[in-house]
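Protein chains in written order, with this note's numbering: chain D, 1 to 352; chain A, 1 to 352.
No lab work stands behind these hints: they were computed from the structure.
Glycine residues also receive a C-beta, built at the ideal position from the N, C-alpha and C atoms.
Warning: the hint list may mix true and false statements.
Footprint (simulated), chain A over chain D, 3 or more residues, beta carbon under 8 Å [as the list claims (entries may be wrong)]:
1) 121-133
2) 156-170
3) 206-212
4) 263-270
5) 322-329
As a list, the in silico SDA-like pairs of lysine to any residue whose alpha-carbon atoms are at most 25 Å apart [to be verified]:
6) Lys129(D) with Asn326(A)
7) Lys237(A) with Ile124(D)
8) Lys49(D) with Arg194(A)
9) Lys237(D) with Lys312(A)
10) Lys83(A) with Asp193(D)
11) Lys249(D) with Ile66(A)
12) Lys312(A) with Asp308(D)
13) Lys47(A) with Arg194(D)
14) Lys312(A) with Ser252(D)
15) Lys129(A) with Lys330(D)
16) Lys83(A) with Asn181(D)
17) Lys312(A) with Ile254(D)
18) Lys48(D) with Trp192(A)
19) Lys330(D) with Arg349(A)
20) Lys237(D) with Lys83(A)
21) Lys330(A) with Asn326(D)
22) Lys234(D) with Asp55(A)
23) Lys280(A) with His311(D)
24) Lys280(A) with Arg194(D)
25) Lys330(A) with Ile314(D)
26) Lys70(A) with Arg194(D)
27) Lys70(D) with Lys280(A)
28) Lys237(A) with Glu51(D)
29) Lys9(D) with Trp192(A)
30) Lys249(A) with Arg73(D)
Which residues of chain D face chain A? A few of them, derived with a C-beta cut under 10 Å, are [to be verified]:
31) Ile59
32) Glu62
33) Leu217
34) Val220
35) Gly236
36) Lys276
37) Ile314
38) Leu315
Letter by letter, the chains look like this.
2 protein chains.
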Amino acid sequence: MIGKLTEDKVKAGKQAINELYNTGYYGRPRADILELTLVEAAYLLYKKKLEISSDGITIGFEDFFIQASKRQRFFELKYIVYKDLRERGYYVQPSVTDFRVYPRGGHPGKTQAKMFVYVRSERIPMHLKDLLLPHAAAVNVRKQMVLAIVDEESDITYYEVRKADIKGYMDTTIPIDKAFNATLLEDRVIVWDRSSSSMLYENYFYGKPLDDERLQLSLVESAHLLVQSILTIKDGKTGELLDTQGFSKIASSIDPDFKRKYSTYVDLRNRALVPKTGFKFGTHFRVYSTAGSSGHSSHSEYLVHAIDHDHKFILSVMSRAVRLANTVRKQMLYSVGTDGYIEYIDIGRIKM
Amino acid sequence: MIGKLTEDKVKAGKQAINELYNTGYYGRPRADILELTLVEAAYLLYKKKLEISSDGITIGFEDFFIQASKRQRFFELKYIVYKDLRERGYYVQPSVTDFRVYPRGGHPGKTQAKMFVYVRSERIPMHLKDLLLPHAAAVNVRKQMVLAIVDEESDITYYEVRKADIKGYMDTTIPIDKAFNATLLEDRVIVWDRSSSSMLYENYFYGKPLDDERLQLSLVESAHLLVQSILTIKDGKTGELLDTQGFSKIASSIDPDFKRKYSTYVDLRNRALVPKTGFKFGTHFRVYSTAGSSGHSSHSEYLVHAIDHDHKFILSVMSRAVRLANTVRKQMLYSVGTDGYIEYIDIGRIKM
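This is chain D alone, in the form it adopts within the complex:
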């Protein structure tokens, strides 16, 4: 059977509809013609199910591959992913995204596609909106959104992109008679009094003991307690009390990410979760769904990194973050403020 290379398609005759479409769901029948994408044609050529002619001359795999690569951007990447999906037993069709993939046991005409697969090169950074818009489009038609990232050695890693709605079991209100006293020293805040320290730490998992009497609070923790009037914070340098605005200004000068981190911190606390620093994991927060006894919880469930609207994912960095989260049995989430509320984007590796 022979297909004709025409621009960025390969067109085969009626017989192809029977032999390729009806048995393997390759291409799209258009009246008496089967129209194949370059990727489909290359795969069929490799499988020796199709020959291809260009300007009346039959061409081999090498020539066709070079031709296709000239005619379609990222052709090799798409070919690699298409081949991989096909060899895993999925039926695949082209779509406005790169591929629509049918569920196992399903195929065009019988079932709906299950996933939209987007092929990306690890080299090319990805804007957050290039994640969110396709995600919204996929969700809208009840499809999974899957990213297939191809590295420089042509290994493929698949990620599913989802929104996560997370909740914990932590008391959010702290009953107090009178605000606790604390002092801002350089880049941390110290609560001096034993009973205040112990209440904040043992019952609500704020801060870390400096010793058996005093507690150190991070900037986001301090700001959160200050806003609720649970804490008064003295500036160690001037001896003066800081108001919310004054504290936030100093905190932002110490940590340029302060505001972004703070919004997420507050949102996580409002969701009855307990965020603590994620420094050891290279993220902003590790998050517990509850505090165990004595402020200690055995295992944090999430790693959360607060990003801006104009965030650009460096895919190798994202890959490391997700991989590290997985190896320590946590879920990697990116938080982003949207119209005044915080959304959590879950990027998780999946096995296809």
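Starting from the known structure of chain D, fit chain A onto it as the hints suggest.
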């Protein structure tokens, strides 16, 4: 016993030499005076082994801590690390670095210090030279160089910084009669011929099979083979043969890190190691000390990231890299070109 706060020191009388220095190696005896750093004094005050007076008035822990924080930059960070080291049973003395730490069972006057400890805040990026110069100084006097990084919740992570001299067992010379043909397509190179593909892949662990006949090579792999005249590379767009310079120019335009990665790639191959992409780990390379059968090796031993001389470590990123390497039982190395050869810096978490 009482010490007098004088500028950035606390000075105590002769009795202190007996009670604090001779028993616990706190401070430095200077004739009849024991001179303590602010950090030592704060710790002794906390342990109730010392009282402190300022301008004739005895001051408590809170006041002293605030005073000390004004007089010394990063006082709290240093205090937290000092306290941690002391409570782990080490004798600690100040030094041109932050601390000299004595080996377990050792102490000033009996043994040499074992480590130089540098205290850093996770917030402050670290220039490569701030790692290399202290490392050279430490090695020069046969000390371990240890970084103590304090996160925003005052957790400390200790890292030992070393140079690594790594070697593998891989054949480095490929015997060929005639160069293999390959084509550059967008951002990868394809070897079309079955026997060339299989030799490069099976015997020398280059590339990744596109299918059972053809091999895909990464840009660094291709450049390395091109330089050795093992490969000829045709530009898929123009059909012309590329020379080393031409290929390197295209590769650099595709991957801005190409040259840096290439130098390290060649050095690793010359060390009889097998570098493959480290994308899944967020680094430039994962490195095997040998290739197993069929080009497959069960476990890569190193993750290598090629950095520039003016590299600035974002400590949370470094922390993630090292942690991920550890969770997958690999060693995290940073490669840097120095006077024409490549050095490998090993930053490994240590338990103190």
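Verification of the hints:
no. : hint                     : in the structure
1   : 121-133                  : holds (count 3)
2   : 156-170                  : violated (count 1)
3   : 206-212                  : holds (count 4)
4   : 263-270                  : violated (count 0)
5   : 322-329                  : holds (count 4)
6   : Lys129(D) with Asn326(A) : 33 Å, violated
7   : Lys237(A) with Ile124(D) : 21 Å, holds
8   : Lys49(D) with Arg194(A)  : 20 Å, holds
9   : Lys237(D) with Lys312(A) : 30 Å, violated
10  : Lys83(A) with Asp193(D)  : 19 Å, holds
11  : Lys249(D) with Ile66(A)  : 21 Å, holds
12  : Lys312(A) with Asp308(D) : 23 Å, holds
13  : Lys47(A) with Arg194(D)  : 16 Å, holds
14  : Lys312(A) with Ser252(D) : 21 Å, holds
15  : Lys129(A) with Lys330(D) : 35 Å, violated
16  : Lys83(A) with Asn181(D)  : 24 Å, holds
17  : Lys312(A) with Ile254(D) : 18 Å, holds
18  : Lys48(D) with Trp192(A)  : 16 Å, holds
19  : Lys330(D) with Arg349(A) : 21 Å, holds
20  : Lys237(D) with Lys83(A)  : 23 Å, holds
21  : Lys330(A) with Asn326(D) : 16 Å, holds
22  : Lys234(D) with Asp55(A)  : 23 Å, holds
23  : Lys280(A) with His311(D) : 21 Å, holds
24  : Lys280(A) with Arg194(D) : 46 Å, violated
25  : Lys330(A) with Ile314(D) : 23 Å, holds
26  : Lys70(A) with Arg194(D)  : 24 Å, holds
27  : Lys70(D) with Lys280(A)  : 29 Å, violated
28  : Lys237(A) with Glu51(D)  : 23 Å, holds
29  : Lys9(D) with Trp192(A)   : 23 Å, holds
30  : Lys249(A) with Arg73(D)  : 20 Å, holds
31  : Ile59                    : 13 Å, violated
32  : Glu62                    : 5 Å, holds
33  : Leu217                   : 8 Å, holds
34  : Val220                   : 8 Å, holds
35  : Gly236                   : 5 Å, holds
36  : Lys276                   : 6 Å, holds
37  : Ile314                   : 9 Å, holds
38  : Leu315                   : 8 Å, holds
In this structure, the hints that do not hold are numbers 2, 4, 6, 9, 15, 24, 27, 31, in rising order.
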